[in-house]
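Generate the whole structure from the sequences, applying the supplied hints.
Number of protein chains: 2
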Amino acid sequence: MKVIEKYNDSLHNPYWKYQLGKEAYEVKDTPQRVESIKKSLHSDERFDFITAKQFPDRLITQLHPYHDYIRNTALTLNNDEEEFYPDLFPGEGAHLKKRDDSPLWGGIWCTDAVTPIKRKTYEVARASAESALTGAELISQGQEKTVYALCRPSGHHAGPRVFGGYCYFNNVATAAQYLLAKGKVAIVDIDYHHGNGTQEFFDDIKSIFTASIHGDPEDEYPYFWGYAEETGKGQAEGTNHNEPLAKGTQLKEYSKALKRILKKIKAFNPAFLIIAAGFDTHETDPIGSFKIRTEDYETIGKQFKSLDLPTLVCQEGGYNTDVLGECVKHFLIGLM
Amino acid sequence: MKVIEKYNDSLHNPYWKYQLGKEAYEVKDTPQRVESIKKSLHSDERFDFITAKQFPDRLITQLHPYHDYIRNTALTLNNDEEEFYPDLFPGEGAHLKKRDDSPLWGGIWCTDAVTPIKRKTYEVARASAESALTGAELISQGQEKTVYALCRPSGHHAGPRVFGGYCYFNNVATAAQYLLAKGKVAIVDIDYHHGNGTQEFFDDIKSIFTASIHGDPEDEYPYFWGYAEETGKGQAEGTNHNEPLAKGTQLKEYSKALKRILKKIKAFNPAFLIIAAGFDTHETDPIGSFKIRTEDYETIGKQFKSLDLPTLVCQEGGYNTDVLGECVKHFLIGLM
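Quick mapping for you: the protein sequence lines, in order, are chains P and U. Read left to right, the first sequence gives residues 1 to 336 (this note's numbering). Read left to right, the second sequence gives residues 1 to 336 (this note's numbering).
Take every hint as true, because none was put in to throw you off.
A pair counts as met if it fits within one copy or between any two copies, since identical chains are not told apart.
Under the rule of at most 30 angstroms between Cα atoms (straight-line distance), these lysine-lysine pairs were calculated in the BS3-like manner:
{"hint": "1", "residue 1": "Lys17", "residue 2": "Lys28"}
{"hint": "2", "residue 1": "Lys120", "residue 2": "Lys22"}
{"hint": "3", "residue 1": "Lys17", "residue 2": "Lys120"}
{"hint": "4", "residue 1": "Lys233", "residue 2": "Lys256"}
{"hint": "5", "residue 1": "Lys305", "residue 2": "Lys247"}
Simulated from the structure, these hints should not be mistaken for lab results. Treat the numbers as computed from the prediction; the structure is a model and nothing was measured.
Here it is, written out as structure tokens:
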């Protein structure tokens, strides 16, 4: 199986500490996450590493109105340590006379005050999206049946209005838009956190089916999206499916929920499948509360394989670097 | 002249440091601001200090949907130093299933990540609004022609959807709503920063005229509001007037702009006048860029006096505590 990578910069390393009730959490998107995955996949000769290609700007900019803001803000930083967070979030009714992409206007483009822009952020986010695009190209040309794009940063919280949640460009959405020229696309998000950005991108596009299986947003980020009643809009009603699951969910219930999603995808009959693959559903993940075991990911991979579709897997979250690589490996082996 | 005060807690002391281009700024809303004003007014026997009354909850809650959020968040804090800032700002299209007023949902209610809630914040904000209400009651009963409410925290950035910009409850809006039962109200905001919250409260209420004279939002907070073309909405078209002025504005140009506002107020013919009085227009203010001198405020006060209306002055900003008290005193003397 082809594994696509590009650029893993140690200088892009967001860190957020937060409190929910009496519980304190921290989320670290470190370069060690990529190292953990590479170590596991390098040890198995079935995985063949290739470097992502370059793609023209328009494949990124057409979906991301904040592209220039991210690039320009990164350019204003004076050194590798400096980071920019927006302070002000104007919300509805704001007169936006001056969308000049200066950092001052960050709150127009970013939905939170915890997703930093550092000097290298644009480059890594661009490389991450290009990894997904390279994978999309490979499966669209029929050269490969299943490919894995080792994306970092993640993309699934970045949407058509705003980015955030440690996501800058939506990798799976960028790949889906690319594949759409050749046929209908289904996207399934198995990260512990609902793929709100991806859902919002295609909420009213009936040729892309989106589904997400995740910790119930009543208690888990992104809180404001991911409920079962979000089923698509207008003509695209019925092309979004959310499976919010309770804390402590184990493989048995998880697989049932995934089965419901796969049944809908069969009915939708897409030409391509994209999996937004987070492994923060693992029982040891520091921020997730599911109880999926390392070997369970192979079973989950096999469930997806039953669809028998050209499949692009894009890496999303997963924060226990001791197990992340093995989780990815088991999942991809299940898909083989 | 009656001066209304209530509660000045040293434990509520927001501090925000920010960068605009190459310039670094800091805003401190310290209890010393109140001390500076009290010192100047105490030295003149024409000022008669009284304590604000208590008013029922509904006079605050009817305007401020985030009232419970602020009160409840303050109650969750464990000590006097702790402060809560929201992280996540869901914006448009968010499913808000669970508006349970927990701190987690702060980004629904607050428009920025720099306005803290501390343990004493609810109490001081409530006392500030009650100072304004006490003043409104005094002028509505005809007991006093002109009164000054020594409000801290300021209120004019707090609006009907969200609070922010160091403002929690909108003091002048609360007073205006109270006075509206007796007649039409005009509000003029002379703080260096546009009174976006006040404007938004009454943007479609044609019996309240709002005006603001401030640093051009092209360069100054609140950036997204305060432009000349914002003139009221629907039936209330024509009942809002903004005077964004350039950096370096001196009394001459300032007075001309104020004259344009006063002309409109005469035509509107209100029963009451409320002045949202900030003194960060002073030539030495650390965050404002106008060039108004201490003695100029007497001239500005006289301009307002020419309207010959029952007048409530509510304190807003002003951050040079060396001069703040004298600026207030000159302004109030002009109004006498």
